[in-house]
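*Asks:* Read off the chains here:
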Amino acid sequence: YADESRTEEAGVYYGLRQQAEKDKESSEAYLCLSDFIAPSATGIPDYIGSIAASAGFGVDELAAKYEADNDDYSAIMVKALADRLAEALTEKLHQDMRREMWGFAPNESLDTQDLLSIKYQGIRPAPGYPSQPDHAEKTTMWKLGNITEATGIELTDSLMMHPGASVCALVFAHPKSSYFAVGKVTNEQIVDYAARKGTTVDAVETWLRMHVIRALVRLAIAVFAAHTLCVGLAQAAGAGGTKKKIEQFLDTDNHTNNWAVLVCTSRFWFNYRHIANAMSMYRTVKRMGIPDSHIILMLADDVACNPRNCYPGTVFDHPQKTTDLYGDNVEVDYRGYEVTVENFIRLLTGRVEQHTPRNKRLLTDDKSNIFIYMTGHGGEDFLKFQDSEEINSYDIADAMQQMWEKQRYREILFVIDTCQANTMFSKFYAPNVLSIGSSKKGENSYSHFHDRDIGVSVIDRFTYYNLEFFESVDMSSKHTMADLIGTYNATLMHSTPGVRTDLFARKLEKTYLTDFFGAVQEVELTPEPFPIGQRQEST
Amino acid sequence: MRIPRLAVLAACGSFVVAADTPSKALAGTTAEMFSEDLTIAMLADGRVLLHFDFEMHGPQATNSSLHSYGLLPRQIGEISQRYGVSELQLAFTQGTWREARWGVPPAAQGIGAEVIAQLADGADADAQWSGLTNALSGVFCASLNFVGTESTTSPRLAFSHSQRGGALRHGFLPRENVCTENLTPWIKQLPCQAQSGVAALLNPHRLFNMHFLSVAMALNSDADTLRYRQTLSVVVDTPAYDRSWALSALAGRALAAPCPVATRSSVRVVAPAAVQVAPQADSTHNAGTSVTHLFDLQRRRVDDIVFTFSAEFDDKTKYWATAKDTPVPAIAAHRHITGHGSSGGIETVITNHRDVPMTVAYFDAVPWYLRMYAHTLFVHATGADGHTSQLTPNQIMFTPAVDRGRPAVLELELELPPQSRTVLRYDFDKGFLKYSEHPPDANRGFTIAPAIVSYSLAPSDTARPLSCTPGATCAVRVYTEPALASLPTPDFSMPYNVITFTCTILALFFGRIFNLLTRDFAVLTPAK
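Chains as they are written, first to last, in our numbering: chain A, 1 to 539; chain B, 1 to 528.
Some clues are possibly wrong.
[What the hints assert, rightly or not] Under the rule of at most 30 Å between Cα atoms (straight-line distance), these lysine-lysine pairs were calculated in the DSSO-like manner:
no., chain 1, residue 1, chain 2, residue 2
1, A, K478, A, K510
2, A, K321, A, K406
3, B, K188, A, K286
4, A, K441, A, K367
5, A, K440, A, K478
6, A, K510, A, K286
7, B, K188, A, K384
8, A, K321, B, K188
9, A, K510, A, K427
[As the list claims (entries may be wrong)] Here are the in silico distance ranges between beta carbons for each label pair:
no., chain 1, residue 1, chain 2, residue 2, range
10, B, D403, A, G486, 37 to 47 Å
11, A, L115, B, A120, 50 to 60 Å
12, B, T399, A, S293, 54 to 64 Å
13, A, G455, B, Q276, 47 to 57 Å
14, A, Q121, B, L508, 29 to 39 Å
15, A, C310, B, P400, 41 to 51 Å
16, B, A273, A, P291, 32 to 42 Å
17, A, R506, B, R404, 24 to 34 Å
18, B, M494, A, F270, 41 to 51 Å
19, B, R444, A, C310, 17 to 27 Å
20, B, Q193, A, Y394, 14 to 24 Å
21, A, R506, B, Q195, 22 to 32 Å
22, A, P319, B, R425, 43 to 53 Å
23, B, R98, A, R308, 54 to 64 Å
Hints are computed from structural coordinates only; laboratory data are not their basis.
Quick caveat: nothing in here was measured; it's all calculated off a predicted structure.
Note that beta-carbon positions come from the ideal geometry of N, C-alpha and C, so glycine has one too.
Use the sequences and the hints to build the structure in full.
*Replies:* This is the structure in structure tokens:
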């Protein structure tokens, strides 16, 4: 309305209501922005605020100047900074509006963190965003607020704001207002909306489609200017409905690569069984399709070529000696003195030294499922490396949290076979980690099969019974983690295996063994065989 | 989950293709060459030496081309380009070559892992070297990244024959194990891997059941060619103490058809005349008491070779007796550590077996924690007449050590009298290591890299390593044994005791005295 008398209509904002069917159990309403404004029938006077802020004046020119100097970095930084400043200015304007100008929340005192997690009263959606996907509403806004004259921010023909680093928003004060996404807009909704607005269906569709394109463009920019990504994500995650979407997206079962880190921390011949443990896990993951390039094998000693080994070049995990675990083809990535706590933590967190070759790096990303297997001598909250130093449970827990923050994994399966193994994962706090240990606090883990020729025990019980189950598992197996854990028998193992699932988001019954032990592989076949030894003419 | 199987099929499929197209390709071009040779030598003590020699050479890769590497291993080519390497030698060796029994070693060897590289000259040679050793450690699954500045040297005399300008770097890890994981990548670099030709005999389970094994590679890169040579020498026991044994029983595998891309594929057998070799060789040569049998695998298929001792050698001791005239290498060198406690010495014995004076270069890199005293250097030679006299080196180059920085390097040029035994000795004190500098198995002691004696072999000398071309001057290196030095080892639980004890004292005494000095003590009278 033009004034407080509320007789003359100055302009009309139109809204779209959520239509997509929600969960039957859900009590959520089907929302529209108009829900947050008092209906005129009630007679309660209500207001809508609007904000238009820009930090973009002169930015294009400055960026163009940097680009002319081939300084793309500065150009990107200028644009990114302007974007951030515009967002910050909006945040400030909104706050002033709440506290003073409009004053519906005069006693508000929120810190930055609260602001980012939208704890303030009311919302400030913008036309073209999920709550109101129609960009055309901006014209109404510009008309009502005389925005071009007041600020210099113009609307382009495609209803984008010029200069670029500008933000506009509608401000709702209702205490129960919240961000939502209109979601899928149906055809009859568009027809009705066009009729209400007095415009054509085509026009509505154009401005609604803009929303999608804009979102894509924003995504591309976010990826390009990687350093602003985190801030962007934090804000996106803060926006109620979007947050849910991101969570759903991250929760979907779509890891794209598998890695295995297999660590034997024990030195000396009498610890033969620990190397056999790690080697049998190596053979298992390799058989299930994880390539050597995705397996980091750490062996603290060399028993295969040890002078005491009466079967040179072999490692056996059973007195029958049917399968040589060392085989003809093995790649040990860290060996001997290289197996240290420092190297292990560096490997996990990716903080390796400059010249470290590829096979000594864990090149994972946020779509990697990692299987970490450790074996050696340990105790309550520690595992010995090389019989000379220890890693403690806090170290691994912190390393994993750091991995999570650096987006170095999607899910981790942590398996440890050592005395009091379950204490080693008791301190974990990073999400999406499933942990299995061989024995509980105060219990030892025991060895299996003393071999009279080799002269020492050749495997540990926990690992042996795991392997026994894996013998029936191949790449196409549908066995789940629950199946594996179901076979654990404390009497046979002489210790009580432990499983920690509270950090793991999925149900064990729905987690396939192949999610960790198999490999996701993408194969591209070339139509023609590729000749080797023939030099191509065109170089 | 069916996809991985497809991948396997695809891999096999492309392998078959790879195996038969290149020979056609090679017919039209001489761009790349590959040869595979195996030498089987029966040693004087009844053991057998297998020496595999694979040589590839091709045009120098250009930066732009993705297809420059047909036969040459791409990873090696890329490493040499990236780090400006013109010459590179890498060897992993286990076991001692017993020259008294086995005669001349097939190639230079020293127990452990050795890297020698000729790098492009420049200020960043050390950075290049560090990058190179790390890259090689990745390729060969070895701890070569431990070749830090502490064990890197720049020899000036010992390797001078290979000097072509640029920065020479030498690194040695005497404690490096050699096992299947080092052989796996080495085999993968062969064009046919272990699938065909003499390489089919490369069976890790037999190779590591040995008395001596040396796995080596050498890269030589100049303006337009890249040569890559992979050699493997192994000394094994014969399969049985019967009169007759077969190669397939020795290796556990049979010879395969030659690698299709090979331009030469041959087996050479060096055996005493009293040993019959079946099938009949393509050609034979007599050299003294031994006969050389040559098989050309490309002319005909040979699956197995059977060795049969004639009846007179039924008794092995007779064979041993007749085999005594194995040619002895011109120079032999052995080294040991003397003394006990906190000081000691290093003593090297170099023997000249020839009737002419020999000029040799002696190279020894001693870690900083054996504090070597150059002034104690003592060189005495005992001639054929039993007379001992002091020997003055022609040249002495000594680089003192820097603690935790670089080793002490002693290089000497010596002229050894004919048929002489030269003793070279110097003293050291043992340094103290920091608590954290000890390896996990500290009580084992520290292995000191072998000393190297290098000399130039006359074209007329018949006791030649297999790596030397006949009838030409050849640069030969002789390695001594590595030495084991025990250093004062701390009681590793002690620091904990010391820390707790010291902290208690600090807390009790420092706290009290601090209070006494800083506080003002006064008697309080209760307020009325």
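*Asks:* Next, verify each hint and record whether it holds.
*Replies:* Hint-by-hint comparison with the structure:
no. : hint                        : in the structure
1   : A:K478 x A:K510             : holds (10 Å)
2   : A:K321 x A:K406             : violated (43 Å)
3   : B:K188 x A:K286             : holds (18 Å)
4   : A:K441 x A:K367             : violated (33 Å)
5   : A:K440 x A:K478             : holds (29 Å)
6   : A:K510 x A:K286             : holds (23 Å)
7   : B:K188 x A:K384             : violated (35 Å)
8   : A:K321 x B:K188             : holds (27 Å)
9   : A:K510 x A:K427             : holds (25 Å)
10  : B:D403 x A:G486: 37 to 47 Å : violated (59 Å)
11  : A:L115 x B:A120: 50 to 60 Å : holds (57 Å)
12  : B:T399 x A:S293: 54 to 64 Å : violated (41 Å)
13  : A:G455 x B:Q276: 47 to 57 Å : violated (41 Å)
14  : A:Q121 x B:L508: 29 to 39 Å : violated (59 Å)
15  : A:C310 x B:P400: 41 to 51 Å : holds (46 Å)
16  : B:A273 x A:P291: 32 to 42 Å : violated (52 Å)
17  : A:R506 x B:R404: 24 to 34 Å : violated (50 Å)
18  : B:M494 x A:F270: 41 to 51 Å : violated (25 Å)
19  : B:R444 x A:C310: 17 to 27 Å : holds (22 Å)
20  : B:Q193 x A:Y394: 14 to 24 Å : violated (46 Å)
21  : A:R506 x B:Q195: 22 to 32 Å : violated (43 Å)
22  : A:P319 x B:R425: 43 to 53 Å : holds (52 Å)
23  : B:R98 x A:R308: 54 to 64 Å  : violated (22 Å)
Taken one by one, the earlier hints fail for this structure at numbers 2, 4, 7, 10, 12, 13, 14, 16, 17, 18, 20, 21 and 23, listed in ascending order.
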